[in-house]
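Produce the complete structure using the sequences and hints provided.
As given, the protein sequences belong to chains A and B, one line each in that order.
Once you know that position 176 of the first sequence is 157 in the working numbering, the rest is easy, because the numbers rise by one and skip nothing.
Once you know that position 746 of the second sequence is 761 in the working numbering, the rest is easy, because the numbers rise by one and skip nothing.
The hints are simulated quantities; they were obtained by calculation from the structure and are not laboratory data.
Please read these numbers as outputs of a predicted model, since none were measured by experiment.
No residue lacks a Cβ here, since even glycine has one placed at the ideal position from N, Cα and C.
Treat each hint with caution, since some may be false.
Stated by the list, open to error - Here are some, though not all, of the chain A residues that point toward chain B, as calculated from beta-carbon distances under 7 Å:
1. Cys5
2. Leu26
3. Arg42
4. Pro43
5. Ser150
6. Asn194
7. Phe196
8. Leu241
9. Leu251
Said to hold, decoys possible - Cβ pair distances, simulated, as ranges:
10. Thr84(A) / Asp402(B): 55 to 63 Å
11. Leu647(B) / Val6(A): 26 to 34 Å
12. Leu381(B) / Asn178(A): 29 to 37 Å
13. Arg574(B) / Val6(A): 49 to 57 Å
14. Val70(A) / Gly783(B): 27 to 35 Å
15. Lys460(B) / Arg180(A): 24 to 32 Å
16. Leu54(A) / Arg403(B): 53 to 61 Å
17. Ala736(B) / Val6(A): 14 to 22 Å
18. Thr118(A) / Arg670(B): 54 to 62 Å
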Amino acid sequence: MICLPKIIFNNALLLVLSVFVASCVEEVNPKGLVNTDRKVVINSLISPQDSIISVEVSLSRPVLGITNFGADLITDAEVIISDGTVSNVIPFDDVTARYNLETDVFPIQAGKQYFLEVKTGGNTYKASCQVPETPATDIRTTISETRDGFRLRVFWRDQKGEENYYRVSGGYKDDVDRDRNFYLGLDFAEEGFKTDNGRDGEVISADTDILLNYFVNGQKVLIDSLEIQLLTTDKNYYEYQKVLVDIDQNENPFAEPVRLISTIEGEDALGIFAAYQSVIKKMKVE
Amino acid sequence: MRQFYLTPNMKTKLRLGLVIFLLPCSVVFAQKYSISGYVKEKGSGELLPGVTVYLPDLKTGAVTNTYGFYSLTLAGNETYDVQYSFIGYEPISKRLNLNENKSINIELTASAIALEEVVVMAEQQELISEKSQMSVVSLPTRKIQDFPSFLGEKDVMKTLQLMPGVQSGSEGSSGLYVRGGGPDQNLIILDEAVVYNASHLFGFFSVFNGDALKSVELYKGGFPPRFGGRLSSVVKMDMKDGNKEEVHGKVGIGLLSSSFMLEGPIKKGKTSFLVSGRRTYLDVLAAPFIKASSDGEASGGYYFYDLNTKINHEFSSRDKLYVSGYFGRDKFYAKEKYEDSKFNAGLGWGNATGTLRWNHQFNDKLFANSSLIFSRYSFDISADEEDRDFDYKLKYSSGITDYSAKFDLDFFPNPSHSLRFGLLTTHHSFTPRALVLRETGIEPKDEQDKFNSIETAVYAEDDMRLFNRLNILLGLRLSHFNYKNTQYFKPEPRLSMAYMLNDKLSVKASYASMNQYIHLLTNSGIGLPTDLWVSSTDKVKPQSSRQVAIGLAKDFNSRHGLSLTIEGYYKKSDDVIAYKEGATFLVLDDPESAENVNWEDNITAGQSWAYGAEVFLEKKLGKFTGWLGYTLSKTELQFDELNLGEKYFAKYDRRHDVSLVGVFKPSNKITLSGTWVYGTGNNFTVPTGTFRVAQEKLSHSFFFEPEFDDIEQINNFRAEAYHRLDFGIQFHKKKKRGIRTWDIGIYNIYNRRNPFFYYTESKTVPQGEKIALKKVSILPVIPSISYRLEF
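Below you can see the structure in the form of structure tokens.
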């Protein structure tokens, strides 16, 4: 659908403003902009289903000033993961520019708590998280016809007695590129975030609109297969990623500003250390 | 069965209350008579509110009510001097022997455009030190014409922004921020009807056309019990009744709009009418350019209009009927027409109000007004596209519609007491979303959300004059709100008092408890039409506030009408609402996006603290008039769900706010005016940096912006100070058919680049990447010229 009101709104607004409001933009360097020090940013999302533990350590970029590309990554930090009894240093990997450790060496287990420690610039930063106990079960999908097209609905059963947070995502392949080794993302937007709040132990669902066929260069293309990835996450993962998706969806310049949560302890630190369990379900579209 | 008991403490309070309210009914030994009547403007018959009726011997008096009525009950068989005075009118003195109830109607003559210096005896002035009411600003509408204006549009709200304790929001906005409250907390009433959206063109202009107004009063605190329903202010406006004697009018031509006003008798002395209108013509002027640039296939533009109408009829001196209405609308539109397709789209919003009032004077002491009131605010988007094989029609709207009934009784038992009682009930009907969609190949969609609520209030107040030196306005308002099964009942005690330290100096104090049952959802605070009024519900509680103020009022013993007020206030508000972080109600470019949004889930409640001091030095009489206003204030907010629960400064928290206003009329041919405003900069949320976010490891391709703004604190950045000087000069000339005026104005005379908003922008430079902070300013120096003819 064409966004008609947008067209009219923008045109008319532009017309009005240009007639009697001559706006002026200038760069300013106010002294009042507090704390332009760079902060240490530590990001790591761990999962029993992942083959590696990956930690990114970087510096934030001040709002005023110039930074070099890539210069914001910290490559010489000391990064240690521990489960409270066993700990392991995570070495820096030049290829991915992250600190990586295989889960064969240091396994991530369901229900267990993990601690991350990062030493850099003479400071120590700490964080901890707990892997959710149980992954989602009984994942089912349906595709139904709606007024506007088709709707994909994903169902699963919540684990009773646990406070659960879910992240639903998915991808598709069409019959032209069926041999391609990756799936194109489906946009669940806000629907991709569900909790069991008020429906503990019940069946939960999330849905998204889906195109089952479309035209590419005049040729009709059919959706061939789907993949649903359902993450059971900890609370921090859920809140952090939900904000990112919300912001991504919402381009309204008048939306209220957002402070993203940080789970990293230590002076002037930002970032997240969170855990999830992942289940993937693949299916053919008939 | 439920039973109610009175505790000893409650009994004492009840007795005290009864004593206070029964005082006027106490046994009177001497025979008493009343002087009562109406004060009108000579020549037009316009009833004058706020006229001081003063008895110099007794040092007491009364003030005419909204309908020009006054009443004084005094000891009989004595001779009294009675003085009637009102700023801008020649005072009148009467000597009378009060041996029976007397009805005295007075006609005051308006002093023409500051022609001669009005000589008024100090006693005859309206003395602010004598009033028990504090924190109130009265704006003579004749004065609004004198001030410099933006693009020649004389604006009531922008004039009010020049008063201490009242701030403008962003540049050019006509919204009022009163004592730390937002524009959503102002009760704006025009002839008793609530006006929900008081702005045209995103707040650059207010909807009130000064030509049609008789009086404007702004209450910032010490609210009398007759007002309620909002936390921060009451702006009470009354339209002119229309000249009862002869036809008069006014025509104005400006750069942005043209206006007219016509008033006159339908039946001389009995029935009169008033019509006043204004329309912008930017769209008409721009049409040829748009047509030319689109090869004649497209047209579009924007306009707004206002229409005020009023008819009143006097059945007898005791019964009067008024019917008045306001209609105003903003409209954006675009049209395109091609060989085999056409496209129309529009975006509009506006208010409509209607009031039917009946004044009845039961006797010399008892005056009643009954009103039936209608008010509606609506916003709509429409789009209509026709192609060879495709039709698309969309209509989206939102709004609020009110039906109210109001009854007010004024009772003047003796000069020591003026009592008022009243009842108001309003049926609110909210439509947060109504959607009609027709599209080829798709089933038609007709959806509407609608819910109703009822707001009711009863009040009683007594304006008392005790022991010659003490004036007390004491009262109570009981408010009730019903939404589905949810009931809210709130008592609102109110008190204002003034103690005269001497003839011209008084110390004042006030307390007011207020509740607000309907809320404005606004993302921007700049008066976007998508702002939406919603009801209190079981989840969303009413907002409430308590305000205390103390002050000094001093009238100087001079011929210049010089007065000084100093006030300090503290206001605590609870359950004020705000959007949750990242929330937005309606995305402008996609009205259907509102489909899945539940506004109740998108808002959060918190608390606010506002405190400050205000100084107001005014000179009302003479060739040079004007004022100096200064406000020192602080406003803080706290929401559990915002800013990680930490307290923060409000966007429009302004430490210092200064306004200097001067009008000089050296002769009846020239009016010179200037205003200078200064305010500490607004607070903006500006990121202090950006940082890399954690990317999810999903098995399929997914992309997010890899960086996020580092926001350390909401409203962390204080913008540079705002200041601006405006200047105006008017040339008046008496013509055969009336007085014509050329009005030349310059807005922002020294072209100050005041900040409107800030944003960050990153760009690639040879050394790497640079993030810069950009300041956007609008409204540079803008000259204007307009013409008006009054006949």
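The hints, checked one at a time:
no. : hint                              : result
1   : Cys5                              : holds (5 Å)
2   : Leu26                             : holds (5 Å)
3   : Arg42                             : holds (5 Å)
4   : Pro43                             : holds (5 Å)
5   : Ser150                            : holds (5 Å)
6   : Asn194                            : violated (16 Å)
7   : Phe196                            : violated (16 Å)
8   : Leu241                            : holds (6 Å)
9   : Leu251                            : holds (5 Å)
10  : Thr84(A) / Asp402(B): 55 to 63 Å  : holds (57 Å)
11  : Leu647(B) / Val6(A): 26 to 34 Å   : holds (32 Å)
12  : Leu381(B) / Asn178(A): 29 to 37 Å : violated (59 Å)
13  : Arg574(B) / Val6(A): 49 to 57 Å   : holds (52 Å)
14  : Val70(A) / Gly783(B): 27 to 35 Å  : holds (31 Å)
15  : Lys460(B) / Arg180(A): 24 to 32 Å : holds (29 Å)
16  : Leu54(A) / Arg403(B): 53 to 61 Å  : holds (56 Å)
17  : Ala736(B) / Val6(A): 14 to 22 Å   : holds (19 Å)
18  : Thr118(A) / Arg670(B): 54 to 62 Å : holds (59 Å)
In summary, the structure is inconsistent with hints 6, 7 and 12 from the numbered list given earlier, while agreeing with the others.
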